[in-house]
Amino acid sequence: MPTFKTNEMKRFLLSIAMAASVLWATAQETILPAPKQTEPFVLTHATVHVGNGKVIENANVQIANGKIVEITTGDVAYNDIKVINCKGKHIYPGLILSISNLGLLEVPSVRATRDETEIGDLNPNVRSIVAYNTDSKVQRTLLANGILFANIVPAGSLMMGSSSVVQLDAWNWEDAAYKVDGGIHLNMPSLVNRPVTGFFGREGSALENDALKRNLAQIEACKDFLRQAKAYHAEVKHENINLKFEAVKGLLEGKQTLFVHCDIVKEMLLAVDFAKEFGCKVVIVGGIESYRIAPLLKEHNIAVILGQSHSLPTTPDDDVDLPYKTAALLQKAGVLVAINDDDGNSRFRNLPFNAGTAAAYGLTKEEALATVTLNAAKILGIDATTGSVEVGKDANILVSEGDILDMRTNKINQAFIQGRNISLDNKQKQLYQRYNQKYGLPNVGM
Amino acid sequence: MIKIVFGESKRARTTIRLSGTINGNNMQGSGVDTAGNPVTFNAIYVSAVTAKADSARKRPAPQVGNVVYPFNGYGATELPKQETILIKNATVWTSEKEGILPNTDVLLQNGKIAQIGKNITAPAGARIIDGTGKHLTAGIIDEHSHIATSSINEGGQSVTSEVRIGDNLNPDDINIYRQLSGGVTTSHILHGSANTIGGQTHLIKLRWGVNDEQLKFAGADGFIKFALGENVKRSPAQTNNRFPDTRMGVEQVLMDAFTRAKEYEAAWKLANMPRKKGEPAPVFRRDLELDALVEIMNRKRFITCHSYVQSEITSTMRVAEKFGFNINTFTHILEGYKVADKMKAHGVAVSTFSDWWTYKMEVVDAIAYNAAIMQRVGLNVAINSDDAEMARRLNQEAAKIVKYGGVSEEEAWKMVTINPATMLHVQNQVGSIKVGKDADVVLWSDNPLSIYAKSLFTIVDGIVYYDRVKDEQQRVAIQAERNRLIQKMLGDKRAGMPTVPATASMEIMHHCSDHAHKHGLLVIDME
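From first to last, the protein sequence lines stand for chains A and B. Under our numbering, think of the first position of the first sequence as 1, with each following residue one higher. Under our numbering, think of the first position of the second sequence as 1001, with each following residue one higher.
Everything hinted at is true.
Here are some chain A residues the structure puts well away from chain B; computed CB gaps all over 12 angstroms:
| no. | residue |
| --- | --- |
| 1 | Lys237 |
| 2 | Asn240 |
| 3 | Gly250 |
No more than 30 angstroms apart at the CA atoms, straight line, and that leaves these computed lysine-lysine pairs for DSBU-like:
| no. | chain 1 | residue 1 | chain 2 | residue 2 |
| --- | --- | --- | --- | --- |
| 4 | B | Lys1454 | A | Lys332 |
| 5 | A | Lys137 | B | Lys1342 |
| 6 | A | Lys89 | A | Lys67 |
| 7 | A | Lys223 | B | Lys1003 |
| 8 | B | Lys1003 | A | Lys298 |
| 9 | A | Lys393 | A | Lys36 |
| 10 | B | Lys1437 | B | Lys1081 |
| 11 | B | Lys1003 | A | Lys276 |
Per the computed footprint, the stretches of chain B lying under chain A, defined by three or more beta-carbons under 8 angstroms from a beta-carbon of chain A, are:
| no. | segment |
| --- | --- |
| 12 | 1176-1190 |
| 13 | 1230-1238 |
| 14 | 1398-1406 |
Derived by calculation from the structure, the hints in this document are not laboratory data. Since the model is a prediction, treat every value here as computed from it, not as a measurement. For every residue, glycine included, the Cβ atom is placed at its ideal position computed from N, Cα and C.
The following block holds chain A by itself, in its conformation from the complex (with noise of 0.2 angstroms):
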């Protein structure tokens, strides 16, 4: 019989009940979120995709009190501190999903299940922070993809609500805060001018002239809300305190920024409207035809958050892969561009693929990446703290063992959140170990 020194029965007492413990855990309830950095460690010898553009090979990233506090390369004696070898591993800045309703909606079909869209057109202070779930079982299958950030976007018409970004490894929503009503959204209405739609969407012979002029009409209601916001916020004393023209303080002080959602030439030179009237930071999400006019945005220093890459031309005759390479369109005329996946079916893990396509579509793989970190980071006002690897920087980075763009190689051994070990585990792992265990498979390609 073999002996053990103490702490080696320990390791081997403790290797056993994690054994089990992976076996019993059949619910995601039984994953938890890690707890605070508490031992400084390093990463040794790995590729390091920084998200500003730049590679750095044979790299070793020291993590302390949840910050990136060094960055050597080649051999370096790390002594009193964990060493973990990444030898032929990447190291990559936590992506982040530019726009969701992630946690406000767990299953679209489920009116019950659907915290996104509030009634009415001015609700600017409506905000998603106070309904986000971080108890959905989706959280955990983007975290196992490599995304660690998301920004939660309310729904609804017109002055939608303000944004908050999450981290997503949390046991409740101030838990999961990271910048709290950054961005105020406006959904602009439609400019297209559609044909009257008739019985089950067939296309009807009148015009839409009214609804055209309605939505003008509406756009300009949205401009006098501000107008009135701001004269609002001129006076010295108010004789009533309006919640609604409290919400966009931050906006009209430059503090906030307007997210604008349209995707057509027309709604987005209103958009830049906005930013001429008001002084306040624009951001356009969507932006299908933002190619059209990349000069005109770059000049008035407006970002766009662009939706899936994985999405279809707009017209017959647009270029089959329109969609595919209007990032590296924008790009190339010196727009600062993030790209985001909206997808309600795979629900939003496909985010780093989406940015794949652009890097297959006339981005390199590294202007690629920063569209899913530093850009995204940028836009939503949290690159002071996030979304690349640098020193002084949280640690929000993941190691993976080839390219995270391409699914064919995206396989995340460990992901951090501010120096937290994050359990990649989820729902959909555990499913799987459940059902290989009733045909006796082996629990292989997680």
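Here the structure of chain A is known, so what remains is to put chain B in place on it, guided by the hints.
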């Protein structure tokens, strides 16, 4: 908002179009120049102009554009022809027991794969394509698609086995071309899922430019769409007053239909029995709905059944067994992993999504490892699209089965080629690179499972229907034609011809799975 339209000179028949916004004395916006190029502009108000009287001019004879097939931008004046093509020195993914062959030549001749090997000599007049560093595969087969149709749901009743997708194919659908660009060569066009027993499906080849009859895959077995669960219960609707409203009812719709079909078949046999002279035959009325169900029971028509949760999967297999037939394919089948052993015993094939889940209640337990489990239990597994967008990236969807569940690249690739061919009973014609099979192949720029892979050539029956270089040229031609048409309309307008305001041309897109993703600005999603 402002709109400015003006000729570039007094005599010019071409027009510059600008639109934008006004802020005080400043204007800015975007537009199109006379050559059709996008421009942006800034303008400052200087002074007002005085209008001059227009003088009448002689109109030149109208220019008429070419007739192209199909009649849209990506159509051609002449259909592409079958060619003898030698692809040299490619990495060949056979989807056969030969596996993946490095540095191999493949000869396509008379619409068939004629030869596979090293250093094949090109026959006279053959087109030679250098495949060095590239990957050649069989064309992708999509088991579940709704493109190229004018409608997909006859949803008024719970049993509509008499209706046929083959009667309303639309060969002009641009999605045929878009999917060729993603390497798809064969698609199984299904009826929708609004009812338990839907309509008869049709297998097509993506031959861009032909008519509806020529799209059809010759000699393929007939299939029919069945559906279970939330869609047939009309769960997404606010109310439902059509039976069934539960999974219990769905099972009884099936029981009732086949009980009627059995009685109908017996009555038909009785009516067609030889009888004595003068003995009257019993009255028999032909019923197209029951005819199709009798074909199923006699294994002359095959079922692809939209299904999600384990209870309905099992109960449907049991109904089929009671009537002595098999379900051919369970499609969607997102909880298939829970009853993979039962499905194996029944002998059914499965066709699923790689990573969709939680877009409706019956898919909250869907997992990306579903395909891997079902494959390891021994089922024939395909990955399908049910979606005009995803269909052009089915190679990537197959790649996800490597990521989620560790299936080998070779086996994952079969899930979009030979596996769907087998479940559609056309494995002897398509689905692999084998001598004698149809010359339906794709040449990829990279490993076909990579996000960076692009189809360079997509070939059906030895005819190049998609050529990435030609596609680039086509774009230039589309731009020129578009500009010609717009300039003509503007010229007519300036000459005083009647006008109507421009409206967007909407595109109707069919699907059957309560999709929660958007298909585009001008798309009307229809179930």
